[in-house]
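Just need the whole structure built from these sequences, with the hints factored in.
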Amino acid sequence: MRADAQRNRAAALAAAEAVYAEHGVDVSLNEIARRAGIGNATLYRHFPSREVLLSAVYSGHLERYCIIAEDAARADDPVSALRDCVVSTCALQATNRGLADLLASLRPLSPHVESLRARHHRAITAVFTHAVRSGMVRVDASPADLAVLLIANAGLIHRTVEDAPRASARLVALWLAGLVSPDIPVDVPPPTDRQIRRVLHH
1067 MRADAQRNRA
1077 AALAAAEAVY
1087 AEHGVDVSLN
1097 EIARRAGIGN
1107 ATLYRHFPSR
1117 EVLLSAVYSG
1127 HLERYCIIAE
1137 DAARADDPVS
1147 ALRDCVVSTC
1157 ALQATNRGLA
1167 DLLASLRPLS
1177 PHVESLRARH
1187 HRAITAVFTH
1197 AVRSGMVRVD
1207 ASPADLAVLL
1217 IANAGLIHRT
1227 VEDAPRASAR
1237 LVALWLAGLV
1247 SPDIPVDVPP
1257 PTDRQIRRVL
1267 HH
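Okay, so the sequence shown: first residue is 1067 according to the working numbering, each after it adds one.
Do not rely on the hints blindly, as some may be mistaken.
Claimed, not checked - Quick list of the computed label-pair ranges, beta carbon to beta carbon:
id : residue 1 : residue 2 : range
1  : Ala1071   : Leu1240   : 44 to 52 Å
2  : Ala1243   : Arg1101   : 36 to 44 Å
3  : Asp1143   : Gln1072   : 41 to 49 Å
4  : Asp1142   : His1187   : 21 to 29 Å
5  : Ser1176   : Ser1094   : 18 to 26 Å
6  : Gly1126   : His1187   : 12 to 20 Å
7  : Asp1143   : Gly1244   : 15 to 23 Å
8  : Ala1141   : Arg1173   : 25 to 33 Å
Hints are computed from structural coordinates only; laboratory data are not their basis. Quick caveat, the model's predicted, so the values are computed rather than measured. Beta carbons: idealized from backbone N, C-alpha and C, even for Gly.
Right under this line is the structure:
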């Protein structure tokens, strides 16, 4: 790749990272090209679709998302591990609206991103299984509950600005307090995988 092409690609990625973090993933590619100081044709030459650009911007973030869950799945204290995993994952959302959107979505981006999502699902399922078996977490807790939290957290982050990290931390703390209260009944069952997938594909 020529030096000028490398500069244009780097400028597009930097602009996309900044714009997505600030506004979420629905920003137009035209706006990203404008922020990068390049033409639309140049942007499309490097990133022919929104999905290709999103995958390039967020693959590294999603890798960290997987590592958080995998570290928690290997931890000795399953309840603390679950708590730390949830707090860390929601904190990733709180400072980046684009990532908040992607963690609350199953929007298809690329085979690599799909493999990261599958990897995360395996790890977070293990985290919940270990925590429930400890007897310190309510027996009906499931990864579907985390999916609902991430959807709620993404919505909260889009509705707040400077207060997003604090508001998110409060939501997460209340959610965790309910999770580790196994004696308090919940009359509503967790959502099914089908229900979660229907919401996440919107």
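Cross-check of the supplied hints:
1. Ala1071 with Leu1240: 44 to 52 Å: Taking Cβ atoms as reference, Ala1071 and Leu1240 lie about 49 Å apart, which means the hint holds.
2. Ala1243 with Arg1101: 36 to 44 Å: Given range 36 to 44 Å: holds, Cβ gap about 41 Å.
3. Asp1143 with Gln1072: 41 to 49 Å: Distance hint for Asp1143, Gln1072 holds at roughly 46 Å.
4. Asp1142 with His1187: 21 to 29 Å: holds (23 Å)
5. Ser1176 with Ser1094: 18 to 26 Å: Check passed, 20 Å falls within 18 to 26 Å.
6. Gly1126 with His1187: 12 to 20 Å: holds (19 Å)
7. Asp1143 with Gly1244: 15 to 23 Å: Holds: the Cβ-Cβ distance is about 20 Å, inside 15 to 23 Å.
8. Ala1141 with Arg1173: 25 to 33 Å: holds (30 Å)
When the structure is compared with the earlier hints, no violation turns up for any of them.
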